[in-house]
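Protein chains in written order, with our numbering: chain A, 437 to 646; chain B, 5 to 202.
If you're looking for bench data, these hints aren't it; they were derived computationally from the structure. Take the hints with a grain of salt, since some may be wrong.
[Claimed, not checked] Calculated pairs, SDA-like style, for lysine to any residue (alpha carbon to alpha carbon, straight line, at most 20 angstroms):
(1) B:25 / A:507
(2) A:512 / B:37
(3) B:153 / A:584
(4) B:116 / A:505
(5) B:63 / A:508
(6) B:73 / A:456
(7) A:440 / B:55
(8) B:73 / A:497
(9) B:22 / A:455
(10) B:116 / A:506
(11) A:512 / B:62
(12) B:73 / A:552
(13) A:512 / B:61
(14) B:73 / A:455
(15) B:25 / B:109
(16) B:25 / B:61
(17) A:512 / B:173
(18) B:25 / A:570
(19) A:440 / B:37
(20) A:440 / A:566
(21) A:512 / B:68
(22) B:40 / A:439
(23) B:153 / A:591
(24) A:440 / B:47
(25) A:440 / A:528
(26) B:63 / A:507
(27) B:153 / A:588
(28) B:153 / B:197
Predicted model only: the values in this text are computed from it and were never measured.
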Amino acid sequence: MANKSGSVYGLTILSPIIDDEMATPSHDLQIRAYLATLATDDKSPFALAPGTHLARLVVMDDVIYVGMPACEEHLKSKYLVLESNFDGELDNYLGGLADTVPQQLDAIWGHCVAYPGAANRQAFIDYMKACQLDTTFYFAAVNDKSLPDTLRALHTRSAVVDFIADHQGMAPARLQAEFIQFVAELRLEPIPGPGAMAIPRDIKTGGKDE
Amino acid sequence: MSNINGKVYAMNAITPMKPWKTWILRGFFVVLGRVKPLQQDLINLSFIEFARWVVLPRKRFPYLGNGQKREELQYDYLLFFSNFNGTWNQYIDAFSAVLSRGLNLIWRWSEKFPGSVPVTPFKTYIARVQFDTDYYYTAYPRATANDLKSAHIVQASLDTLSQHAQDYTPAQFAEAYLRFVIQVQAHLGETGEAPVVF
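Excised from the complex, chain A in its bound form (with noise of 0.2 angstroms):
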């Protein structure tokens, strides 16, 4: 099986949704309600806890038809989908984020059939490897590099665009006392966090047909 690619590991879960006639809204909309809300800068839950590269969840309602001659058939549950590309091993992943944001998995996965809740660790992660799909085929752009890494990486390059163009020309001498001032610099700095250079979206786009 193919979880992982390089040092990434893809992770495909798929949680069984509660069928309850007398709740009311249903799950899968309490679910959809609190994603809704849920932020998606550095106060993400993916964002918190340590490793996620990129995440998404997303409410599957049912297979879909694609015509005759097809057969056409539906699912008894809904389920949850997580996708998640990060760092490490899925045990580790899965505890940090037990660790890190128990009331957002409650408040998320509370909705699925026998979730044993965050506060118990081990329940959680075994309960999530219950719901884990194996990837069949995975692909990863950069899959020998770690988030902090990632994040380092952009941070540096984004301040050598600006030194090289502030120091076209200069003299040798100069230029290197500039740049080993500015590599010592550089180091110092605090380096944006997973999510931080989110940008508002209040219109909701994306659909297909775009």
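Starting from the known structure of chain A, fit chain B onto it as the hints suggest.
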């Protein structure tokens, strides 16, 4: 619905496959995973940050008891998740133009797949089997896949130059600095807000 975050788009698609065909597709993916040159087109597209295909057999949908009903399905399913830069149309156009043979080998086992060329019926099919993302997070929303690759190249070049910067004479440093600028010049650029697409 929130398929976009910054410069990245989350696509989800699910297609039904007759179970016996699943094994052919699995075989293709094994070959694709082991023969790296076959992945070159996927790498060359250079706007995909992460992508995955998951073959989900009809009897392997997670079943946890506790009142959950077991699925009774005739088809196996192929799930596809992609994180790419640009718009939906740009992505499907590029997929169709550059990866048509590979895409056909992956999706021809799915019911009613029309082929990736011509692109119009292909887009109609993808639009039909796609479902929307409810929550999407990226750690670097202002960066594209090319930005990530370029940033690591700039970082490595800077680290190399800075290791020796203090040992050089000014003339030697000027020469090394020029080599550094030549090395990184194609990888410079600012990350910023993504253009808003409607």
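Evaluated hints:
1. B:25 / A:507: Given pair residue 25 of chain B, residue 507 of chain A holds - Cα atoms ~16 angstroms apart, limit 20 angstroms.
2. A:512 / B:37: violated (33 angstroms)
3. B:153 / A:584: holds (14 angstroms)
4. B:116 / A:505: holds (8 angstroms)
5. B:63 / A:508: Roughly 17 angstroms separates the two Cα atoms, so the pair holds.
6. B:73 / A:456: Given pair residue 73 of chain B, residue 456 of chain A holds - Cα atoms ~12 angstroms apart, limit 20 angstroms.
7. A:440 / B:55: holds (12 angstroms)
8. B:73 / A:497: holds (15 angstroms)
9. B:22 / A:455: violated (28 angstroms)
10. B:116 / A:506: holds (7 angstroms)
11. A:512 / B:62: holds (12 angstroms)
12. B:73 / A:552: OK: residue 73 of chain B and residue 552 of chain A at ~19 angstroms, within 20 angstroms.
13. A:512 / B:61: Distance ~15 angstroms between residue 512 of chain A and residue 61 of chain B Cα, so the pair holds.
14. B:73 / A:455: holds (9 angstroms)
15. B:25 / B:109: holds (12 angstroms)
16. B:25 / B:61: This hinted pair holds, its Cα atoms lying about 11 angstroms apart.
17. A:512 / B:173: violated (73 angstroms)
18. B:25 / A:570: holds (18 angstroms)
19. A:440 / B:37: Roughly 11 angstroms separates the two Cα atoms, so the pair holds.
20. A:440 / A:566: holds (18 angstroms)
21. A:512 / B:68: holds (13 angstroms)
22. B:40 / A:439: holds (17 angstroms)
23. B:153 / A:591: holds (13 angstroms)
24. A:440 / B:47: holds (17 angstroms)
25. A:440 / A:528: holds (15 angstroms)
26. B:63 / A:507: Given pair residue 63 of chain B, residue 507 of chain A holds - Cα atoms ~17 angstroms apart, limit 20 angstroms.
27. B:153 / A:588: holds (13 angstroms)
28. B:153 / B:197: holds (18 angstroms)
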